[in-house]
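Participant: Here are the chains, one letter per residue:
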Amino acid sequence: MSFWDDAAYTAVWQELARGDLATWIQLTPYAYATLEGIHLIGVAVFFGSVFLLDLRLLGLASQLHAGATGRFLLRISVPAFVLLAVSGVLLFVPSADRYATSPIFFAKMGALAAGGLNALAFHIAAWRRVDDWGRRARTPWTARSAAVVSVLVWITVIALGRWMGYERREPPASDLDPLSLFGP
Amino acid sequence: MLEAIQNSALSQLLVSERWVITANSKQILETVHFVAFALQIGAVMVISLRLLGVGRSVSIAALGRPVFWTAWLGFAVVLVTGALQFAPIATEVFYRPSFRGKIAVLTVALAILVWLHVALRRKASAWDGGETVPRSLQILAGLSLALWPTVIVVARLMYAFVQMADL
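Residue numbers (this note's numbering), protein chains in the order written: chain U, 1 to 184; chain B, 1001 to 1167.
Because the hints were derived from the structure by calculation, they are not lab data.
Because the structure is a prediction, the values reported are computed rather than measured.
We put the beta carbon where it would ideally sit given N, CA and C, even for glycine.
Treat the hints loosely; a few may be bogus.
Stated by the list, open to error - Here are some chain B residues pointing at chain U (derived, C-beta under 10 Å):
{"id": "1", "residue": "1008"}
{"id": "2", "residue": "1012"}
{"id": "3", "residue": "1034"}
{"id": "4", "residue": "1035"}
{"id": "5", "residue": "1038"}
{"id": "6", "residue": "1044"}
{"id": "7", "residue": "1046"}
{"id": "8", "residue": "1065"}
{"id": "9", "residue": "1074"}
Sequences are here, hints too, so could you generate the full structure?
Facilitator: Below is the structure:
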């Protein structure tokens, strides 16, 4: 028996999914769709900016100074990650009991943790000395491998995130009726 | 025309049960669409912010190259995966205001993107050399910063309709 079958464990998430916040998100027309839109804006800004740094680390766009470019892109990707975390929690709450027992959710959190560890390893192994190699087209092998892992991990996270969308609790039809708002 | 698209062999293949992968073909198309638009829109947001004065130590000319490569390649994939999702539901979706709204905002945002690309090709080295980025171009960068997220939100609301109508 796994921990996600444990009655006490599932009860916690069921309570969260029945709470005021979850109810508000479920019953406010378009709240969930708007939150998802905001989450997707976060995905675009985060992955787009991370990917550009990865390109530089792989030796493309070598006219860019890796240090200055990295600092600039971090000023974009860090706020985007905060946006992703906040909107992500709000998307989790109404379906908390389903997600907390879903293998796809655990896989996404695992991939997310791998992305975080990869960023940490890159920071320790290469980024701290970026002023030494930032002008060179050929970056340290640690930076290049971190860039490859980063692209693969974040694509995995996006794919698992999209697949999670198929596990969420549908809002009551009467309260989310796009036919009335977008009718011909 | 729309009926021809929806009844085409391709549309039938995309929704048919016979093809093993089709059970998930919607999911796979959506995922590729997501990854591609994230790369495209993210890259556009980065260059827009740079034109608005964030990260002044980064060369606009050198940043523009990877940004526009990523943006246009990403957009090509977005277009293909978008068309493949559109085809099987062409008649139902084409007349929806949310679909037309998405295409309208997208068209304006794309026109601005082409404009930014052309302007960068002609003037980026001058801006890197100390010339100020013209106010008119900064307004376009600001518009691009607002319009691409709008495309995402309108697209999500359109998706809510598609789900509700169970297409």
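Participant: A closest beta-carbon separation below 10 Å is what the hint needs, so does residue 1065 (chain B) meet it against chain U?
Facilitator: Holds. Min distance 6 Å.
Participant: Does the closest beta carbon of chain U sit nearer than 10 Å to the beta carbon of residue 1038 (chain B)?
Facilitator: At about 4 Å, which falls below the 10 Å cut-off, the nearest Cβ of chain U leaves the hint on residue 1038 (chain B) intact, so it holds.
Participant: How about residue 1046 (chain B): closest beta carbon in chain U under 10 Å, or not?
Facilitator: holds (5 Å)
Participant: Holds or violated: is the Cβ of residue 1074 (chain B) closer than 10 Å to a Cβ in chain U?
Facilitator: Holds: closest Cβ of chain U sits about 8 Å from residue 1074 (chain B), inside 10 Å.
Participant: Is the shortest C-beta separation between residue 1012 (chain B) and chain U less than 10 Å?
Facilitator: violated (23 Å)
Participant: With a cut-off of 10 Å, does the beta carbon of residue 1044 (chain B) approach a beta carbon of chain U closely enough for the hint to hold?
Facilitator: holds (8 Å)
Participant: Is the interface hint satisfied for residue 1035 (chain B)? The criterion is a beta-carbon contact with chain U at less than 10 Å.
Facilitator: holds (5 Å)
Participant: Any CB of chain U closer than 10 Å to the CB of residue 1034 (chain B)?
Facilitator: At 5 Å from the nearest chain U Cβ, residue 1034 (chain B) passes the 10 Å test, so the hint holds.
Participant: Are residue 1008 (chain B) and chain U close enough, Cβ to Cβ, to be under 10 Å, as the hint says?
Facilitator: Violated. Min distance 24 Å.
The structure does not agree with the numbered hints 1 and 2 stated previously, though it agrees with the rest.
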